[in-house]
Amino acid sequence: MQGFSVIILIIISIDDIKSLSVRQSEHRKNEVEIHDFSWPASAAKMKKIIPDTQKFIFHRAYVGNLPHYFTDEFKKCSQIEFHYGSVHSIQMNPKLYLFGLYKTITDNVTIERGKDYQLKIFRCIEINLKQIPKNINQLKKLEVLDFSNNLLETVQLEQFIGLDNLETLSLSSNNLKHIYSNGPLSLPSLINLYLDKNQLQYVDVCEWVMPYLTNIDLRANNLTFFTVNHFRELKVLEISGNPLSCGWKDRLLRKNPSQHNPYFANLFCEERSVGMFELDCPSYFHLQQQIYTIYYWLKQIEGKINSSQQDSNLGDRIETFEDQLKNLTSLVIEQQNVSNDIIEAMYRTDIERASRGNVSNRH
0 MQGFSVIILI IISIDDIKSL SVRQSEHRKN EVEIHDFSWP ASAAKMKKII PDTQKFIFHR
60 AYVGNLPHYF TDEFKKCSQI EFHYGSVHSI QMNPKLYLFG LYKTITDNVT IERGKDYQLK
120 IFRCIEINLK QIPKNINQLK KLEVLDFSNN LLETVQLEQF IGLDNLETLS LSSNNLKHIY
180 SNGPLSLPSL INLYLDKNQL QYVDVCEWVM PYLTNIDLRA NNLTFFTVNH FRELKVLEIS
240 GNPLSCGWKD RLLRKNPSQH NPYFANLFCE ERSVGMFELD CPSYFHLQQQ IYTIYYWLKQ
300 IEGKINSSQQ DSNLGDRIET FEDQLKNLTS LVIEQQNVSN DIIEAMYRTD IERASRGNVS
360 NRH
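Numbering that gives the first Met the number 0 applies: residue 0 is where the sequence shown begins, and numbers increase by one.
Hints were generated in silico from the structure; no laboratory data involved.
Treat the hints with care, as some may be off.
What the hints assert, rightly or not - Each computed DSSO-like pair below joins lysine-lysine, with the alpha-carbon atoms no more than 27 Å apart:
1) K54 <-> K139
2) K140 <-> K102
3) K74 <-> K44
4) K44 <-> K28
5) K248 <-> K234
6) K47 <-> K28
7) K75 <-> K119
8) K234 <-> K140
9) K119 <-> K28
10) K196 <-> K133
11) K44 <-> K54
12) K176 <-> K129
13) K47 <-> K75
It should be emphasised that the depicted structure is a prediction, and the values quoted were computed from it without experimental measurement.
Whenever a hint applies, use it, and build me the whole structure from the sequences.
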């Protein structure tokens, strides 16, 4: 148990009295825990904290918009965590090594382009995150990215292109239904990938370039199979809790004998589950997945148009375009029918000519 010395700092306001509690670790002299922080009301009191402090852990902070410079008084500050409370919007400080949000109310994390970010560990856990923060690929030195226990439904992996030092990516316990890339995706340092406890039906990995990926967790999804042989360095595959077909499992075990890959031996399968039994890329399934991706996004666009009155004109234009396509299709069919009638008439004429010729020859 770590010991803490307690300093109570009082902020007096017109309406009430709020206390800013700072607890400094006796064993980690460069780490403090701060309770009931607010901005900018607590700015002046922050200056009384030891200037050499490296790690700040905020509990129940209440902030509207937190600027990146709020810890500039602490030249050695490199790690910041927020637990509970609300930090609606925060600007990422380029000098940070670690940044974490845990069960906070957060709407936006601003990452600017062109900054020399030092961040290596970035965690946003159980903050109701619905989309990946913009410009996340500007965090060039990032090694650990954890967005588990959120509300993500779709992830476009191109957002991570450029994270060449990323070793661990966790998207566990979200509402992921679709994870995809529109072209080759290179994460050359990735070792651990956690996609468990989502709603994934298809994961097309055929264009993923991850030469050192050794650990994949796909438990508790809706997968019917997985092209496991695409990852040559794979050592651990967690895939229980999926409706895997037994045909897929049988082929997998035949190609990867359990004595060489013991983690395959206990794979669960469902006799009634059907699917393409592909283990390697490229495959027919890969083409199916591309078609599924196009179909998925068409449905997404359709849903946005139907749910937004601002897009009503666009919806009308799309309906007009669809009508034009239908008309064009009808014209093509009509023209095809006319062509068929002409061909049939010519065929009949040739037959009649041949028949008359045969009659003449007889006489």
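Outcome of the hint check:
1. K54 <-> K139: holds, 22 Å
2. K140 <-> K102: Holds. K140 to K102 sits at ~25 Å (cutoff 27 Å).
3. K74 <-> K44: Cα-Cα ~17 Å, so holds.
4. K44 <-> K28: holds, 19 Å
5. K248 <-> K234: holds, 17 Å
6. K47 <-> K28: With a Cα-Cα distance of about 15 Å, the restraint between K47 and K28 holds, given a limit of 27 Å.
7. K75 <-> K119: Holds, at about 16 Å.
8. K234 <-> K140: At roughly 25 Å apart (the allowed maximum being 27 Å), K140 and K234 satisfy the hint.
9. K119 <-> K28: Given pair K119, K28 holds - Cα atoms ~22 Å apart, limit 27 Å.
10. K196 <-> K133: Measuring from Cα to Cα gives roughly 24 Å; hence the hint holds.
11. K44 <-> K54: Holds, because 17 Å separates the two Cα atoms, which is no more than 27 Å.
12. K176 <-> K129: The hint holds at about 13 Å.
13. K47 <-> K75: With Cα atoms ~15 Å apart, K47 and K75 stay inside 27 Å; holds.
Hint compliance for this structure: every hint is met.
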